[in-house]
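Visitor: Sequence lines, in order, name chains A and B.
Going by this note's numbering, the first sequence opens with residue 9, and the numbers climb by one from there.
Going by this note's numbering, the second sequence opens with residue 6, and the numbers climb by one from there.
Since the hints were made in silico from the structure, they are not lab data.
Please read all numbers here as calculations on a predicted model, not as lab measurements.
Here a beta-carbon is modelled for each residue, glycine too, at the ideal position from N, C-alpha and C.
There's no promise every hint is true.
Have a look at the derived ranges for each label pair, beta carbon to beta carbon [said to hold, decoys possible]:
hint, chain 1, residue 1, chain 2, residue 2, range
1, B, Leu270, A, Val171, 14 to 20 angstroms
2, B, Ala190, A, Asp322, 52 to 58 angstroms
3, A, Arg294, B, Leu143, 34 to 40 angstroms
4, A, Leu29, B, Thr136, 53 to 59 angstroms
5, B, Ala190, A, Arg10, 48 to 54 angstroms
6, B, Ala134, A, Thr176, 31 to 37 angstroms
7, B, Trp113, A, Ile205, 35 to 41 angstroms
8, A, Asp58, B, Pro273, 43 to 49 angstroms
Heads up, incomplete: computed chain A residues facing chain B, CB under 10 angstroms, no partners named [what the hints assert, rightly or not]:
hint, residue
9, Val150
10, Ile159
11, Ser202
12, Leu291
13, Gly333
Covered, in the sense of this in silico footprint (three residues per stretch, anywhere, with C-beta under 8 angstroms from a C-beta of chain A), are these stretches of chain B [to be verified]:
hint, segment
14, 62–71
15, 278–290
As a plain string of letters, each chain reads:
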Amino acid sequence: MRRAVIDLLKAIRAPVAAIALTLVIGFVLVAAITDEPVRAYRDLLLANFDSLGNFALFLNRATPLTLIALGVIFSFRAGVFNVGGEGQLYAGAIAATVIGVSLSSLPAVVLFPLVVVGGILAGAFLGWIPAVLKVRLAVDEVVTTLMLNIIVLLFTSYLANQVIRDPTSYGAVSALLPQKIWLPAFPGVPGATSGIIVAALLAVLSWVALFRTEWGAQLRASGTNLRFATTIGVPADKRIVMAMLLAGGFGGLAGTLYVLGIGHRFEQNFSPNYGLVGLTCALLARIHPIGALATALFYAMIINGAAYMQISTDVPRSLVNLLTGLLVLLMTARLSARARG
Amino acid sequence: MAYVSFLASVLEQSSPIVLAALAAMITLRANILNVAVEGMMLVAAFTAIAVGNASGSAALALLCALVASILMSQLLALMTLRFSADFIVAGLGINLLAAGGSLFALEWFYRSPGGLRPITFPDLWHIPAGTLSYVPVLGPALEGQSVIVVLAFLAVPACSIFLYKTPIGAYLRASGEDEHAARSAGIDVARMKALALAISGLLAGLAGAQISMDKLHFFLPEMTSGRGFIGLAATLFSGGLPWTTAAAAVLFGFFGALGDRLQALAIPSQFVLMLPYLAAILGLTFARWRLHIRNRPARILEPAPASGSSDPQRPKL
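Okay, chain B solo, but in the shape it has when bound (with noise of 0.2 angstroms):
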């Protein structure tokens, strides 16, 4: 059955990049490039460690890493939005933030910088064993999951309902389209930009959580290794749509899990583990190519004011 254990490692690989994905993509409906989600993963992962290893109970671990994570979102959402800080550097602040911050707890409260190892870990609720399997194909790969993995499927369709069936998404995507109309129509656009902020994190929480406590039950400095970044990509691939956010996101996933498959192979695991990076380049840079295509006639008609600058779905800086 291998391609049961491929797809339980796709599945596996893609819930915190797909999390992370998600995170950045509410964001940029607000009209914000969020560089910060791979600090706010990272702080997640560490609080879960943390509070897992000291009061031994799973769900406490995962609620303070969401509350940690958003706290950060917070943070960011104070510097930005009170304090006019630029986004990407405030957004860059946070990651440095929370890479020193972690290993500074790690050095100072466990007197190890190299990571967080506890002997025991409390384990999260995962899909057990034979429940799925009339399911075919999909059913044995859930099965033994963590409730995350479980968790970032159901975030994309949810995510899809918040921003085109309620007020309040349809309010958060006015205020990133058009701030100053949104503004007339009386909505409070920097509330809008913090609330998508506090989303972003709760979603990066998750990611965050699903990294250090599913499989591995540890805390690495640096543990993260760029699916923020990742995600991000994805989000930006797809122009900020959730379901091809999510399908793009999958796709870098299927990417890292093909690369653990290849790394059996005399492939050396620098060029694997570079694969979704370049994956990332390609595509986005194919996507702009095809858009690019598209809008050639409109050019031809009326000469562009001048190229690399006017595009629309870039979020102001």
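Bound conformation, chain A alone (with noise of 0.2 angstroms):
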């Protein structure tokens, strides 16, 4: 018991050091530009929990963090470096407003599977490409996921703007979704989104699916070691196309329950950079699903806690953007002697 302890203390010590030194530099900064420091920290970490309002916002900024997160979690154990997240979500999201919007007389019984499986399937789509050019002609995944998202975004823009979009409503939104389908809300939590139960629920799933189970192990020896991998009989590049098209699916989950659960339409960049944030969360949990979710969860008390900040004192919002680009600096940097070798 003590030793699990400890292990854990050891496992979490960098991810934990990394945000408090992140939240350190933070709280400098914050004191030298506004006269009440505390009062814009308190906000920034705690007014989340101010109101049952502020809580539910909370809970939808972290339902979509934890999926993608998940996804990146599945493709990093698998070796592949997915940075995709971004267009994955967008894929997600567009394909489940088109089918629930286009097939909006079907009963709710049969639409709400179709928009489902139809977002999973285009966000699934969109990690296959690179993982299919990655393992066929070694094209470096890093720079395709980064491209297609550019491309997925422009494209989505397009048909917010010009083919899906609502004309009785301002800006480049899509028609709502039949509220049929609407994801039902948390339980107690009006305003928020259950799609967090589904995403909790994921995570577990996922540790158990990677940790537990021989495909797990396989792929995450395709990740570590790939020759070593194949040795042994793993049909490594089944298993990191496979791991790409769960990505992908978690992504386009992602997409899919935002629509369904949080905008009920589509947004033309309705996203803060939930790619890269989700990434983000994955490597400060040291992808691990279960982690991730606690790291998602942090994110989103800082995102929604930004904003109160600058309403309450203020301190401007990017600054919590500021900060990230600096927590994640920090997170990969190893500072003890033996790691540096």
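Dock the two chains into a complex; use the hints.
Guide: Below is the structure:
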């Protein structure tokens, strides 16, 4: 028991240190620009729990982050540096919207699964392209996923502006999805999506799949030592492609649950860079599914908290963007002399 | 003279991409996949406008932009080489820091999150009209281009000479190709990588300054709009050779300029803007596919260990 606690402490020491250091640097910055640094920091960290409404927004923010982080974890564990979360998110959201709006006359029991499966498949397709290019031709997946992000963003912007645009409302948004397929609210918190329950369940399932099944062991072996994996007979290429299909599927599901539970329609540029922040959450959690749930909640807290901080004091909310960059830089740094080698 | 204005627009659009591509190429030769070019460009673009606005001097603005970009590159060098952070993760961190930091500065110092638009702004030096009219075709297209465009196209031979004709360039390449061998030969590999990043910062700084200072004279958040990544693609596409890299970058610039022309037609702007990114993916795939075909006989003779892993040109992540 004591040993398990020590192991856990060892595992979380580095990320906790990175978070603590970032929060300290942030506090120094805040103290330099406002007379009420304590008030600003209290709002940044705790205003999410001031009211039921704030708490609902907090859960809504955490849902896509958790799902994207889980997807990133599958790809990273298989050794694929998937930076395409943002594109996969948008692909899922637009596919879900197009299906939901164009087939809105179908009964909910038929339409709901269609929408969800369509969203997941669209995201998975976007993960499949870089995976196949990597496995077959060794095309660098960092570049392909980054480029696909921009292509998908432009394509969805075209659809939102010219094809599925709702002419009666302001801005590039689609028509509302039929209310019968909206996700029910989180029990006890009106205004919050119950998608967070799905995300939490999937975090546990992902952990089981990755660390308690032979399939997961093979996937991780392909990621850590490809040559060894193929030598002992693991079909590494298949595992890598499967991991990327899952990664894309998780991104697509994040987009689908966003339109079903939070936005209820597709909006151009609806994501404040969930893709990259989700990736950050996964890295911060040392690519561990349960940890990713925790870091996604932490991130949701400070992203929303930044807005409350801006309202109550004069600290701009983009401070959090700056701190995120700093956190990413600090996170992978290894300070011990042993690791420096 | 439609073709002259088109050629001028190709030159103008290519120059930041050429510079970004060279910035990525120099680090790639030191075995670093530099995804931070975009962030360095953004920092330079912002610094150029902020300093130009405050001082009224174009030269000082350009100088400060380059210094800021080099400082960012050295922050990346510090995190990765001293504190062994992963190059890609730290590079993405630099990009976030650049985007967040410039937005924070806009909100805090200028109280305008939308962008920084000085009422007056000092002009960069441009090639005066009429000085090159005796050169056929290229002369008129070059007239009116900023000094950075000229520097961009001088940077290509400069990089080539540096890499292949100077001892330091040879050390840098050696550090990238075989770190252990280079170390046993007495080369300070970490210093060579830091140097590669510094040169990368210089080139990316020029690219960023060109984007904000040449014609626009303002800064918008995200105004580099992925050109750093296009440059990275151009570098990977051409395997890190200076002249081929520049050629690929000009090709992407050509697509950009063509896109602007096509926008006048009925094609939705989003598809036009997609062109360089699609071209990058297709180009990379095609380059890999050719390599794949060329390597095929060897693969039949001795079974390859595993596809998708062994790739000599790819930096170790």
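Visitor: Please go over all the hints and tell whether each is borne out by the structure.
Guide: Hint check results:
1. A beta carbon spacing of about 19 angstroms between B/Leu270 and A/Val171 agrees with the range 14 to 20 angstroms that was offered as a hint.
2. The given range of 52 to 58 angstroms is respected by B/Ala190 and A/Asp322, whose C-beta atoms sit roughly 57 angstroms from each other.
3. Checked against the given bound of 34 to 40 angstroms, the beta carbons of A/Arg294 and B/Leu143, roughly 55 angstroms apart, lie outside it.
4. Restraint check, A/Leu29 to B/Thr136: a C-beta distance of roughly 55 angstroms satisfies the suggested window 53 to 59 angstroms.
5. For B/Ala190 and A/Arg10, the Cβ-Cβ distance of about 50 angstroms falls inside the hinted range of 48 to 54 angstroms, so the restraint holds.
6. Checked against the hint of 31 to 37 angstroms, the C-beta distance between B/Ala134 and A/Thr176 comes to roughly 51 angstroms, which is inconsistent with it.
7. Hint check: B/Trp113 to A/Ile205, Cβ distance near 39 angstroms, so the stated range 35 to 41 angstroms holds.
8. Under the hint 43 to 49 angstroms, the C-beta atoms of A/Asp58 and B/Pro273, about 44 angstroms apart, fit the expected range.
9. Evaluation of the A/Val150 hint against chain B yields a held restraint, the C-beta minimum of about 6 angstroms falling below 10 angstroms.
10. With 10 angstroms as the threshold, the beta carbon of A/Ile159 comes within range of chain B, its nearest partner Cβ sitting at about 5 angstroms, so the hint holds.
11. Checking A/Ser202 against chain B by beta carbon gives a least distance of about 31 angstroms; that is not within 10 angstroms, so the hint is violated.
12. At its closest, the beta carbon of A/Leu291 sits 6 angstroms from a beta carbon of chain B; the interface hint therefore holds under the 10 angstroms criterion.
13. With its C-beta approaching chain B no nearer than about 3 angstroms, A/Gly333 sits inside the 10 angstroms limit, and its interface hint holds.
14. Under a criterion of three residues with beta carbons nearer than 8 angstroms to beta carbons of chain A, the stated coverage of the segment 62–71 of chain B fails, only 0 such residues being counted.
15. Residues of the segment 278–290 of chain B lying with their CB closer than 8 angstroms to a CB of chain A number 8, which satisfies the three-residue condition for coverage.
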